[in-house]
Structure formats: structure tokens, C-alpha cells
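Novice: Now for the letters of each chain:
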Amino acid sequence: MAILIDQNTRLICQGFTGKHGTFHTLKSAEYGTKVVGGVVPGKGGTVHEGFPVFDTVAQAREKGGANASMIFVPANFCKDALIEAIDAELELVICITEGVPVGDMLFVKRYLAGKKTRLVGPNCPGVISPGLAKAGIMPASIHKKGGVGVISRSGTLTYEAVNQLTQMGIGQSTCIGIGGDPVIGTTFIDAFELFKKDRQTKAVLMIGEIGGSMEEETARWIKKNFDKPVAAFIAGATAPAGKRMGHAGAIISGGKGTYQEKLKVLKSCGIKVAKSPAEMGKTLKSVL
Amino acid sequence: MNVHEYQAKELLKSYGVPVDRGFMVQSLEEIAGVLDQLPGPGYVVKAQIHSGGRGKGGGVKLAQGKDQALQQAKNILGMNLVTNQTGPGGRLVSRLLITEAVNIDQEYYLSLLIDRAVCKYVFVASTEGGMEIEKVAEEKPDSIIKIHVDPFSGFKNFHGLEMAGKLGFSGDQTKQLTGIMRGLYNLFIEKDASLVEINPLVKTKDGRLLAIDAKVNFDDNGLGRHPEIMELRDVDQEDPNEVQASKYDLSYIKLDGTIGCLVNGAGLAMATMDIVKLHGGSPANFLDVGGSATAEKVTEAFKIILSDPNVKGILVNIFGGIMKCDVIAEGIVSASRSLGVKVPIVARLDGTNVEQGRKILAGSGLKIIPAGSLNEAAKRIVAEAESYGHSN
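Heads up: the protein sequence lines correspond to chains A and L, in order. Per our numbering, the first sequence starts with residue 1, numbered consecutively. Per our numbering, the second sequence starts with residue 289, numbered consecutively.
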């Protein structure tokens with residue numbers, strides 16, 4: 001079954017003709033994802049790399065039957081691109097772009113309320129359901145189809161985790177990078193709710209990091225609402241306070257968002273936390 | 289990005305927030321002229337550095353009369369100011385703000401920021417002005433007042449009335465407070481701020497509300513559309529290596545350990561620091577080369593890491609996704625050749641084009657130690673750095 005994307009996904013790329021948009025859309029298509037084209041304002045009616053280009057998301061939906069979008073447009077244009085995709089009532093929008101101003105995301109997050117669209121990201125590697133479809137920038141080869149859901153605020157650290165799982169022979173149902181920004185679409189809890197209903201998913205690996213309180217809120221929610229086994233890793237045990245650690249959301253400020261606090265709450269909610277990033281796979285295996 | 293107090297106050301003023309009268313000076317010669325423009329006889333001389341806790345560090349002094357003000361300015365300008373936020377190195381004071389001394393009746397705290405948990409703006413206020421808000425939160429959590437603002441509605445007068453009621457204001461002060469909050473909100477939205485803070489906001493003996501100290505931080509992701517804010521940047525207040533790194537789009541933060549880390553991706557970079565520590569070493573830095581590193585960027589990253597004299601070894605940890613391992617490998621080889629790197633390098637590459645990458649490293653003739661796994665890489669660099677440290 002998997003979640004978010006599968007063989008029924010009909011993907012478009014907003015920002016298709018850019019370098020990264022082109023490269024990763026082609027890679028997603030190569031993986032088997034049904035790509036129906038791209039959206040580039042002013043280039044509607046043309047063909048790029050064998051795929052049709054539409055002027056607007058609504059046209060891509062109408063003429064191409066698109067139900068999902070992957071966004072690569074520059075950060076300052078993301079707000080408009082997101083609103084457009086939400087207004088076109090796409091089911092899923094994945095925003096890969098990094099550097100979207102947080103004020104723009106506050107608006108979009110509020111705009112999403114009550115709408116039909118689910119947003120993943122921004123500043124994320126995207127989503128892959130191994131063996132079914134991929135909409136993102138992750139290296140496909142490290143994945144293997146199976147029963148573990150992976151949710152992460154990071155990109156490459158997720159690849160590390162997935163690689164560990166695959167090398168141990170443990171496959172994944174769906175891997176979601178929810179993004180490293182302070183305000184994001186799909187949260188950990190949102191993703192857990194989907195995994196809860198997914199029969200393919202037997203266990204979940206959650207990869208968090210310092211900053212904010214999403215991991216703590218999620219742990220409390222898991223304790224009450226989630227029956228499948230969960231293992232976790234939190235990055236940033238050695239991060240100093242007050243410094244933005246690459247991700248806009250990874251900052252300890254005002255004594256909040258520390259590793260110690262997150263570890264404490266996760267453990268108190270019965271979640272097994274890998275001490276070392278080299279043991280993410282092993283820790284997940286131990287809870288199966 | 290941070291700005292100085294005097295810059296924050298100028299911004300606040302332009303949004304209709306009343307601030308105390310004052311002037312920024314960079315030399316002692318300017319002071320006499322500035323003092324003439326202030327009412328006196330009380331003055332405040334304030335060091336302008338990007339740090340809180342300036343008063344405790346001796347960077348803020350009250351003066352009676354012009355002579356004393358000049359004397360205090362002489363003491364502070366050019367001093368190396370150490371606060372609880374600067375680290376032991378402190379910061380050189382090259383700018384002063386000279387303000388009038390205000391007759392204070394009461395002090396308050398007022399700030400505006402984003403509440404990540406509910407995805408709204410939030411005004412935070414307290415009757416415990418002048419104290420660090422973190423301390424207030426710890427010691428008197430009940431005195432902290434929060435008023436959320438929905439990004440769709442924006443700031444409305446009722447938000448001000450609500451806050452005024454909770455702070456115990458009435459009449460004209462309610463009106464003043466509402467105006468101040470509206471100013472903070474408009475500044476925050478229009479300039480892509482991430483924090484606007486007035487601490488203290490004071491009520492003067494004659495009933496006026498005034499910002500006596502102010503801080504504005506900006507969302508780095510929004511700076512691209514605010515060239516006027518970019519102009520306020522004072523790179524002297526930043527770590528020179530962090531400034532250099534930002535020119536190459538590298539995310540670098542200096543730490544005090546001995547093992548340099550060069551990693552792609554912020555999460556993996558943090559995790560790499562963590563695993564170095566777990567194996568008994570200590571990371572010298574956080575460094576994320578980003579998603580699209582070139583050989584040039586990798587060389588620059590090496591330069592920045594090596595400019596830290598404490599570095600006794602470098603751990604390269606790359607998981608190729610967008611980034612290809614062979615490109616990184618070429619970058620490592622050319623950087624270690626052109627820079628003549630002496631410290632041991634352990635390189636752990638995985639992901640896209642890993643085989644080509646490993647071949648390039650092995651065939652380079654350089655002593656770059658390959659590692660297959662994260663664990664192995666961390667263990668190895670800690671051992672190598674230790675023996676390098678002993679022999680040098």
C-alpha cells in the first residue's frame with residue numbers, strides 16, 4: 001500500500017526546465033513514477049525532455065491529469081507556486097526548494113487549512129515508496145521495498161538511515177523527508193497518522209534533530225495513539241545553543257529545543273532512541 | 289542576521305515606535321557634538337556589539353554630566369567586551385550609542401516572534417522588564433503573557449487591548465502600547481524579521497512608553513528581498529571564518545574541538561559531530577557543503593577548516609544524493625594537493641557514484657584514509673588525530 005505516493009501518482013514538476021527540476025524529474029520517471037509533465041509559466045505547449053509543459057498547475061491537472069507536484073522553483077517564488085498548486089486542488093505537493101522565507105511559509109501553512117492538498121516540505125528531499133514511485137532527490141538505489149516507514153527532518157541523514165536498513169535486509173514502505181525548516185507542511189504526527197492506517201507499514205523510524213518541540217509533541221502523541229513499534233534518532237547532541245545548524249529550524253533558542261529535552265521526552269514515552277547515528281538501523285531492528 | 293541596537297531603534301522609530309533619543313558614534317571626536325544635542329545632565333553610554341548581557345560585562349554606563357559621559361565613552365570605545373554570550377574572546381567595541389538618561393517609572397518586556405508549535409506570530413510580554421526573558425520564564429513563568437496573532441488577520445487593535453489589560457495598562461498607555469505593537473508587527477512582516485524585542489520597554493515618570501533597548505533579528509532566508517537590511521550587516525561582529533564560508537554558500541560554525549568535519553547536509557553534519565564525540569573525540573566545527581558542491585567549494589571548505597589551529601584531523605563524510613561522490617573525491621584530492629594538507633584525512637563516501645569516488649581517492653597517491661562505514665570513519669579519525677596531536 002505505502003503512503004503518499006504509489007502507482008496512482010501522476011506527477012508534475014513546478015520549475016521543470018531548471019537544472020535540478022529537469023534532472024530529478026527524469027530520475028523520478030526513470031524510477032517508474034508516472035510523470036505527466038511540468039509547469040513553467042510562459043512555456044505552456046512546449047515539450048521538454050519528451051514531457052509536455054503547461055503554463056499553470058490547473059492546466060496540468062485538467063489536460064495531464066496531474067494529482068501531485070514536486071516544486072523546484074527558486075525560494076522567493078515558492079509562496080506563489082504553493083498557492084497555485086493548492087488552488088488547483090492537487091492531492092500532494094512536495095516542495096524541495098531550500099531557503100523559503102518563514103513568513104511566506106506561515107501564510108501558506110494557514111492557507112492550507114481546510115484545503116484538499118497535503119504539503120510536504122519545504123527544504124526536504126521528497127518522498128519515495130520503494131518499488132512504486134519516487135518524487136524527490138534521494139538516491140533510489142539505496143532503497144528496498146518493505147515494511148518500515150521512515151520520517152525525517154533531514155536529507156542525507158535519512159539516506160544514511162535507509163542505507164543501514166537496506167544493508168540489514170530491512171525494506172521500507174515509504175520514506176518521507178518532512179524538511180528542516182521551522183514551519184513545514186506535513187509534520188511528524190501527520191506522517192504517523194498515515195502510517196497508522198497503512199497495512200504495509202509494520203514499524204517506523206523517526207529521525208529528528210535539535211530545535212523546536214515537534215519530536216516531543218510527536219512522542220506524546222505516539223504514546224497515546226500509535227501501536228506499531230517506533231525507533232528514533234535525534235541529531236545535534238553536540239550542537240551549541242543559539243546557532244542555526246544549517247537547517248533554519250535546527251536552532252536551540254531560549255533553552256528550548258535541546259537534545260537532552262527531546263531524549264528525555266522520547267524515552268519517557270517508551271520510544272527507543274539510537275545513541276549513535278551508526279545504530280539507527282540496528283535500533284529499529286531491535287524493536288521489531 | 290543580527291543588527292546593532294542603534295540600527296534596531298532606527299527601524300523601530302521608522303515604524304512609529306517611540307525610542308529614547310540617542311546618537312551612534314565611532315570616535316571620541318564626535319562625542320562633544322552629540323552630547324550638545326541631548327538634554328542632559330544624565331547620559332547613557334552603550335557599547336554596540338551583537339550580544340546581550342552588555343551591561344553586566346561593563347559595556348553600558350550611566351553618566352552625570354558631559355565630562356563623565358566623555359570619560360565613560362573613552363573607557364568603553366575600543367575595549368574588548370566579554371559577555372555571557374560572546375565567549376571568552378569577547379568583541380571589540382568600535383561603535384557607541386550615546387542616549388539621554390530617562391526617568392523610569394516601570395520596566396516591561398515586549399517581543400514579537402514566530403510560535404513554531406502553532407504556526408502563528410506571538411507577542412510575548414512581561415512586567416519583569418530588563419531581565420533576560422529566559423530567566424523570567426524559569427523563575428516567574430506566570431508573569432509571561434502571550435498573545436497570538438493569526439497571519440491571515442494580521443495585527444488588530446484588540447490584540448493591543450488584550451495585552452494592555454494583562455500588563456495592567458489603562459487609558460492613554462493602552463493606546464500607546466497598541467501603537468507600539470502595531471509598529472513591531474508591521475516591521476516584522478515587511479522586513480522578514482525573526483525576532484523583534486524591546487527590553488526594557490519603560491514607562492517614564494511622565495507617562496510615556498519608550499523603547500530603551502531593542503533587538504531585531506532577521507530571517508536569513510528573507511534577506512534576498514531586503515537589500516536595505518543587508519546594508520546594516522556588520523561583519524566585524526561575526527566570526528571571520530563564518531563570513532568567509534557564507535561567501536561560498538557553505539554553512540560553517542566554529543566549535544572548540546580538534547576534529548574538523550566536512551559533510552553534506554545539515555542533519556548528517558550534526559550526526560557526524562555527535563558520533564565523533566561518542567568515540568571520544570571532539571568536533572572542531574559544523575560544516576555543511578550543501579547539495580551542489582563543486583571542487584572549488586570543497587577546497588574552500590578545507591581552507592576554512594584548516595585555518596583553525598586546533599584542527600588535528602579532518603573527517604569527510606559524504607552521502608551522495610544530488611551530490612556525486614566522484615566530484616567530492618576530486619575536490620578532496622585537489623584541495624589536499626593545493627593546500628598541502630598535513631593533518632590526517634579520513635574520507636567516508638557513500639551513495640551516488642561511490643565506486644568512482646573511492647577509486648579517485650585510492651589512485652591519488654595521497655594519504656587519504658578510506659572508511660566504509662560511519663562508525664569506522666569516526667573511530668579512525670579520532671585515533672589518527674590523537675596520534676597526529678602527539679607527534680606534532
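Honestly, the hints are just simulated from the structure, not real lab data. For each residue, glycine too, the CB sits at the ideal point set by N, CA and C. Don't take each hint at face value.
[As the list claims (entries may be wrong)] Here are the simulated lysine-lysine pairs, DSSO-like style, with alpha carbons at most 27 Å apart:
{"#": "1", "chain 1": "L", "residue 1": "612", "chain 2": "A", "residue 2": "256"}
{"#": "2", "chain 1": "L", "residue 1": "423", "chain 2": "A", "residue 2": "145"}
{"#": "3", "chain 1": "L", "residue 1": "434", "chain 2": "A", "residue 2": "272"}
{"#": "4", "chain 1": "A", "residue 1": "282", "chain 2": "L", "residue 2": "434"}
{"#": "5", "chain 1": "L", "residue 1": "591", "chain 2": "A", "residue 2": "79"}
{"#": "6", "chain 1": "L", "residue 1": "434", "chain 2": "A", "residue 2": "256"}
{"#": "7", "chain 1": "L", "residue 1": "408", "chain 2": "A", "residue 2": "109"}
{"#": "8", "chain 1": "A", "residue 1": "109", "chain 2": "L", "residue 2": "444"}
{"#": "9", "chain 1": "L", "residue 1": "612", "chain 2": "L", "residue 2": "647"}
{"#": "10", "chain 1": "L", "residue 1": "454", "chain 2": "A", "residue 2": "243"}
{"#": "11", "chain 1": "A", "residue 1": "243", "chain 2": "L", "residue 2": "444"}
{"#": "12", "chain 1": "L", "residue 1": "535", "chain 2": "A", "residue 2": "243"}
{"#": "13", "chain 1": "A", "residue 1": "115", "chain 2": "L", "residue 2": "408"}
{"#": "14", "chain 1": "A", "residue 1": "264", "chain 2": "L", "residue 2": "630"}
{"#": "15", "chain 1": "A", "residue 1": "109", "chain 2": "A", "residue 2": "145"}
{"#": "16", "chain 1": "A", "residue 1": "256", "chain 2": "L", "residue 2": "667"}
{"#": "17", "chain 1": "A", "residue 1": "109", "chain 2": "L", "residue 2": "423"}
{"#": "18", "chain 1": "A", "residue 1": "243", "chain 2": "L", "residue 2": "408"}
{"#": "19", "chain 1": "L", "residue 1": "535", "chain 2": "L", "residue 2": "408"}
{"#": "20", "chain 1": "L", "residue 1": "647", "chain 2": "A", "residue 2": "256"}
{"#": "21", "chain 1": "A", "residue 1": "27", "chain 2": "L", "residue 2": "585"}
{"#": "22", "chain 1": "L", "residue 1": "408", "chain 2": "A", "residue 2": "116"}
{"#": "23", "chain 1": "L", "residue 1": "630", "chain 2": "A", "residue 2": "282"}
{"#": "24", "chain 1": "A", "residue 1": "109", "chain 2": "A", "residue 2": "202"}
{"#": "25", "chain 1": "A", "residue 1": "267", "chain 2": "L", "residue 2": "565"}
{"#": "26", "chain 1": "L", "residue 1": "444", "chain 2": "A", "residue 2": "115"}
[What the hints assert, rightly or not] Some chain A residues judged to face chain L by a derived CB distance under 10 Å, without partners named:
{"#": "27", "residue": "1"}
{"#": "28", "residue": "50"}
{"#": "29", "residue": "100"}
{"#": "30", "residue": "155"}
{"#": "31", "residue": "158"}
{"#": "32", "residue": "258"}
[As the list claims (entries may be wrong)] Residues from chain A that keep clear of chain L, each with C-beta distances beyond 12 Å, as calculated:
{"#": "33", "residue": "24"}
{"#": "34", "residue": "125"}
{"#": "35", "residue": "152"}
{"#": "36", "residue": "254"}
Novice: With reference to the structure, classify each hint as holding or not holding.
Specialist: Tested hints:
1. For a cut-off of 27 Å, the pair hint linking residue 612/L to residue 256/A is broken: about 36 Å separates their Cα positions.
2. Note on residue 423/L and residue 145/A: the hinted pairing is violated, with a Cα-Cα distance of about 50 Å set against a maximum of 27 Å.
3. Of the supplied pair hints, the one linking residue 434/L and residue 272/A is violated, its CA atoms being roughly 35 Å apart against a limit of 27 Å.
4. Taken as a hint, the residue 282/A and residue 434/L pair is broken in the structure, with Cα atoms around 43 Å apart against an allowance of 27 Å.
5. A threshold of 27 Å between alpha carbons decides the hint, and for residue 591/L with residue 79/A the separation of about 37 Å lies outside it, so the pair is violated.
6. Between residue 434/L and residue 256/A the alpha-carbon distance is near 17 Å, which keeps this suggested pair within the 27 Å criterion.
7. Distance check on the hinted pair: residue 408/L and residue 109/A sit about 10 Å apart at the alpha-carbon level, within 27 Å; holds.
8. Only pairs whose Cα atoms come within 27 Å are accepted, and residue 109/A paired with residue 444/L is accepted, the gap being roughly 21 Å.
9. For the hint pairing residue 612/L with residue 647/L, the CA-to-CA distance comes to about 13 Å; that is within 27 Å, so the pair holds.
10. Between residue 454/L and residue 243/A the CA atoms are separated by roughly 33 Å; this puts the pair beyond 27 Å, and the hint is violated.
11. Between residue 243/A and residue 444/L, the direct Cα distance comes to roughly 33 Å. Violation of the 27 Å bound is thereby established for this hinted pair.
12. This hinted pair checks out: residue 535/L and residue 243/A have alpha carbons roughly 18 Å apart, not beyond 27 Å.
13. Proposed proximity of residue 115/A and residue 408/L is supported: the alpha carbons are some 18 Å apart, at most 27 Å.
14. For the hint linking residue 264/A to residue 630/L, the alpha-carbon distance of about 41 Å lies beyond 27 Å, and the restraint is violated.
15. Distance restraint check for residue 109/A and residue 145/A: the Cα-Cα separation of roughly 32 Å exceeds the 27 Å cut-off, and the hinted pair is therefore not satisfied.
16. Simply put, residue 256/A and residue 667/L have alpha-carbon atoms about 31 Å apart, too far for the 27 Å limit, and the pair is violated.
17. A distance of roughly 32 Å separates the Cα atoms of residue 109/A and residue 423/L; the hinted pair therefore is violated under the 27 Å criterion.
18. About 22 Å separates the Cα atoms of residue 243/A and residue 408/L, which keeps this hinted pair within 27 Å; it holds.
19. The suggested pairing of residue 535/L with residue 408/L is violated, with an alpha-carbon distance near 32 Å, which exceeds 27 Å.
20. Among the hinted pairs, residue 647/L with residue 256/A is inconsistent with the structure: their alpha-carbon atoms are about 44 Å apart, more than 27 Å.
21. Only pairs whose Cα atoms come within 27 Å are accepted, and residue 27/A paired with residue 585/L is accepted, the gap being roughly 25 Å.
22. Among the hinted pairs, residue 408/L with residue 116/A is consistent with the structure: their alpha-carbon atoms are about 21 Å apart, no more than 27 Å.
23. Pair hint residue 630/L plus residue 282/A does not hold up; C-alpha atoms about 36 Å apart against a cutoff of 27 Å.
24. Only pairs whose Cα atoms come within 27 Å are accepted, and residue 109/A paired with residue 202/A is rejected, the gap being roughly 30 Å.
25. In summary, the hint linking residue 267/A to residue 565/L is supported, as the alpha carbons are separated by about 21 Å, within the 27 Å threshold.
26. For the given pair, residue 444/L sits about 26 Å from residue 115/A by alpha-carbon distance, which is consistent with the 27 Å threshold.
27. The beta carbon of residue 1/A is not positioned within 10 Å of any beta carbon in chain L (closest approach about 26 Å), and the interface hint is therefore violated.
28. The beta carbon of residue 50/A is not positioned within 10 Å of any beta carbon in chain L (closest approach about 22 Å), and the interface hint is therefore violated.
29. The criterion of a C-beta within 10 Å of any C-beta in chain L is met by residue 100/A, whose closest approach is roughly 6 Å, and the hint holds.
30. For residue 155/A, the interface hint holds, since its Cβ comes within 10 Å of a Cβ in chain L; the closest pair sits about 5 Å apart.
31. The closest approach between the C-beta of residue 158/A and any C-beta of chain L is roughly 7 Å, which is under the 10 Å cut-off, so the hint is satisfied.
32. Taking 10 Å as the C-beta cut-off, the interface hint given for residue 258/A is violated, the closest approach to chain L being about 12 Å.
33. With a cut of 12 Å on Cβ distances, residue 24/A falls inside the contact zone with chain L, its closest approach being about 8 Å.
34. With a closest Cβ-Cβ approach of about 7 Å to chain L, residue 125/A is found to fall inside the 12 Å limit, against its non-interface label.
35. Not every C-beta of chain L lies more than 12 Å from that of residue 152/A, the closest at about 7 Å, which undercuts listing it as non-interface.
36. Here residue 254/A does not stay apart from chain L, with its beta-carbon only about 5 Å from theirs, under the 12 Å limit.
When the structure is compared with the earlier hints, violations turn up for hints 1, 2, 3, 4, 5, 10, 11, 14, 15, 16, 17, 19, 20, 23, 24, 27, 28, 32, 33, 34, 35 and 36 and for no others.
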